[in-house]
Structures are given as structure tokens and as C-alpha cells.
Amino acid sequence: MSVAIEVNCETGVVTERPLTAEEIAANEAAAAQAAAAQHEAEVAAAAVAEAKANAEAKLAALGLTAEEIAALTK
Amino acid sequence: MPSTYQLISSNVLTTTAASVTFSAIPSTYTDLVLRISAKTDRANANDGIKLLVNGSSASVYGERNVNGNGATAGSNGNANLAYGALRSGATGASTANVFSSTEVYLPNYNDATIHPFGSIQVQEDNSTTARIFATASTFNTSGAITSLTLNPETGPNFVSGSSFYLYGIKNS
Chain A
1 MSVAIEVNCE TGVVTERPLT AEEIAANEAA AAQAAAAQHE AEVAAAAVAE AKANAEAKLA
61 ALGLTAEEIA ALTK
Chain B
1 MPSTYQLISS NVLTTTAASV TFSAIPSTYT DLVLRISAKT DRANANDGIK LLVNGSSASV
61 YGERNVNGNG ATAGSNGNAN LAYGALRSGA TGASTANVFS STEVYLPNYN DATIHPFGSI
121 QVQEDNSTTA RIFATASTFN TSGAITSLTL NPETGPNFVS GSSFYLYGIK NS
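Protein chains in written order, with the numbering used here: chain A, 1 to 74; chain B, 1 to 172.
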């Protein structure tokens, strides 16, 4: 069971209570949204990395050395 | 010499928890520092921590961050977030018994103005691609800060052993 913990800084009392159904639903919705956003970011990053690799391969095919390609991408 | 860096409250989890809240934060300090060593039970890699100021989940948070994982570097910004984003957290997919570290600095928390805060998040994972984020954030609502709530971004829980420490800074 998921619990919420509250530390009262004034009294030092720590309260632990089970999450309400509304809190569980809200957390699940937020988690799904965060996971989707992270997946989207990972897909975008992978696309950028793939495009960079493709561009470097094309530059190499044109005769540029690895050092010259590295200088271009810095 | 006065003690200018004082522990206000702390909590070390002895069980899993979906949230940890520091409430009734005293107004007797100048700044606040939040130190977190945490891990969530998310099955996949990477998780973040949501910071809610005064319990607010309104779209009033903004951020600019720079980040890197040893292989690639990046930066991005987001506005109108529903929470302060503390990224780069360890999960159930991380190396066993390895937690990520986060420090949040909240200056002038008693001011009745928009609140900026800065944070550093480090994913310690014995890996060449473990990540670090440095983030500048804002909480665009006025009023003194009296509570801070932390939730996993995905989780849904912080695992046992996660620890949360709130410190107060005095200027004299």
C-alpha cells in the first residue's frame, strides 16, 4: 500500500497515512504522462544521434578524416 | 560564532512511500536547503522527483537545465510545469543499493515574491553514462514557502532507505 509521509517541522511529529483513491489515480496519470514524455525525449535523442552518425558517414565518404569531422562537430 | 546552517527536520524511509512532505516550515531562517538521497521503484531506468511548493500542482513552475551523461550533453527549458522538476534519479533498474543525490537551494523563502530555486541532481550508478543535471527553476507564485512535498515523477514510490533532510540557513 502506498503511503504519504508528512514531517511537521514545528512539532517534529511524523504522520504516515495511506494514499486516497484520488491521489493514487492522480499519481498513476502523472506517472503515465512522465513515462510518455521521457519516451518521446529518448526517441528524439536517438533520432538526433542517428542523423549525426549518418552525416559523419557521408563526410567520411567524401574523404574527410576522422579528425576533420571531429573538428566540424565541435 | 552563530550556527548558520541548521537541520530543521529529516526523514529516512523505513518502508516505501509515495510522497514525503515537510510542513510547518519555520520562518526563522533566510534560505532553505533540501538534501535528498533517493531511489524510486520504477521498473525502467531514470526517474525524476517532483517538488511541490506549498502543495501547489498548478502550472506555475519553470526550469532551465544543462545536463550530461558522459556521452552526450544537452540543455533544455520548460515553462508552465505542474511541479519543480528534479531529474536524473535512480530506479529499480539501477545498480543495487545505489541511490541518486539531489540538493535544492531555495533562497529568501520568506519573501512574498516569485521564488527562484536552484538544484543539482546526480545519478550515481557506477556507469559511464550516469547523468547529472544542473537546473535553475522558478515557482511563479507569491507568498512565503511553508511546505515542500516530494513525489517520484514516475515511481510510484520512493524505496526504503531514501533519505530527506531539510536545512535552514541564517545570515547571522
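Calculated from the structure, these hints are not laboratory results. A few of these clues could be false.
Said to hold, decoys possible - On the chain A side, residues computed to face chain B include the following (Cβ under 10 Å):
id: 1; residue: 7
id: 2; residue: 9
id: 3; residue: 16
id: 4; residue: 43
id: 5; residue: 45
id: 6; residue: 49
id: 7; residue: 50
id: 8; residue: 54
id: 9; residue: 65
id: 10; residue: 66
id: 11; residue: 67
id: 12; residue: 70
id: 13; residue: 71
We put the CB at the ideal spot given by N, CA and C, even for glycine.
Tell me the hint numbers this structure goes against, listed in increasing order.
4, 7, 8, 9, 10, 11, 12 and 13
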